[in-house]
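Modelling step: build the complete structure from the supplied sequences, incorporating the hints.
Protein sequences, first through last, are from chains S and P. Reading the first sequence from the start, the letters are residues 1 to 107 in our numbering. Reading the second sequence from the start, the letters are residues 1 to 314 in our numbering.
Keep in mind the hints are simulated off the structure, nothing from the lab. Mixed in with the good hints there might be a few duds.
Derived CB-CB ranges, DEER-like [to be verified]: (1) S:A78 to P:L83: 41 to 49 Å; (2) S:F58 to P:F193: 21 to 29 Å; (3) S:S5 to P:G81: 45 to 53 Å.
One-sided excerpt, in silico: chain S residues whose CB lies under 7 Å from chain P [what the hints assert, rightly or not]: (4) F8; (5) S75; (6) T77; (7) A81.
Idealized CB from N, CA, C, for every residue including glycine.
So you can see what is in the structure, the chains are spelled out below.
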Amino acid sequence: MQVISALFLLIGSFLCLSGGIGILRFPDFYTRMHAVGVTDTLATAMILIGLILISSDFLVDVKLVIILLMTLFISPTASHALANAALHNDLAKKDKKSNDEVTSSNS
Amino acid sequence: MKDLLAVVMLLGIYSLLSASFFVTMDAVDVAFTEAAVGAGVSTLLMLVAITMTGRKEHPTRHKPLLAIVVVIITGSLLIYGTLDMPRFGLAEAPIHQHVAPRYINDSMQEIGVPNIVTSVLASYRAFDTFGEVVVIFTAGMGVLALLSMVRRSEDTENIDSNNYSMHEQHLILRIVSKMLIPFILMFAFYVQFHGDFGPGGGFQAGVIFASAIFLYTMLFGMNTARRVINQAFIQILAATGVLLYGSVGVVSLLNGKSFFDYSALASDPIAGQHLGILLIELGVGITVAAVMIIIFFNFADRRNYSPNKDSENS
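The following block contains the structure:
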């Protein structure tokens, strides 16, 4: 059980890290959102599952499961809200324009 | 930093970090309050304020040099002051000698509430807490006096069409929050009535309850929320909480004990303490929730009348 839990925790931390690198390295808003939005939910879920596996207290298990459920509900919704707000305020166009400007000034 | 949105977000992150810092110091109640009030509600209220005032700070002409000098002097004085403080965690420190032993040793016999923080807050220091509640109430009244305005009667058709367009735009958010709001409200009641046994109490519960209402208001629009929540009723509730708190004190006064001595409330002193703490926590919770809702509604109302209407779907 210890080994499985450690595996889950490791995967979770790796995903957290890759999400963090993604938000720094990706070029524009939507890809950054993708990096964080996808990894964040999975990473949190992995870490929580890992914690559930090593905890021996039933009450702690229940609390962790509740946190897991809440995360699964809230995190994708938050990502969706963010992307939706960006789309509605025409972020895509602005970004494209600024990219074009950058390339034209470079060339 | 000129971008006010980033400043507010940093403030929220700072609050959350200090909440986790409080948890590691075993001050769970304080951490709870910090997370609910500092990271949650005050960030939200400042965001609402920003949608009214605009996102960028105006360029200032004053020199920040004087401010920095004052900050450095004050900071170094404070650090100099800490040099005389007893070592961190020292058991002989004056703060652990004065009243803390009595709270820790005797509160179980005197009050009978497992959470010492609650018994200190609600019984030993009932006067202080009453003062805090009155301050919150006064703040709510101040916001009401400064910001409230006569409502123009909206026609229903306008509300419905507005509602429909919002429904398409925020469909997922609406569905998820519809599922979550009952649990948030339930959690608020749990925090309210479980405050005697675990971390929690009236302040946190009131804020959590109010934040569920904020969520509803943000997603379903001011006008719908106005139909659900009667403003006059909320104002009466804000006063009722303070009144409930104060009258508990008056009742114990009438029963021949001193103000806020709850042992006068029932024949058994411990039962009296329990009843008193329950009642005043309820008063605190009602007042805090009502004042938060009043502040939020008045802020959001102002926003609808402000000239820049383009930030509608933020």
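Checked hints:
1. S:A78 to P:L83: 41 to 49 Å: For S:A78 and P:L83 the Cβ distance comes to about 45 Å; the hint holds.
2. S:F58 to P:F193: 21 to 29 Å: With a Cβ separation near 23 Å, S:F58 and P:F193 satisfy 21 to 29 Å, so the hint holds.
3. S:S5 to P:G81: 45 to 53 Å: Taking Cβ atoms as reference, S:S5 and P:G81 lie about 47 Å apart, which means the hint holds.
4. F8: violated, 23 Å
5. S75: violated, 11 Å
6. T77: Holds, because the Cβ-Cβ distance from S:T77 to chain P comes to roughly 4 Å (cut-off 7 Å).
7. A81: holds, 5 Å
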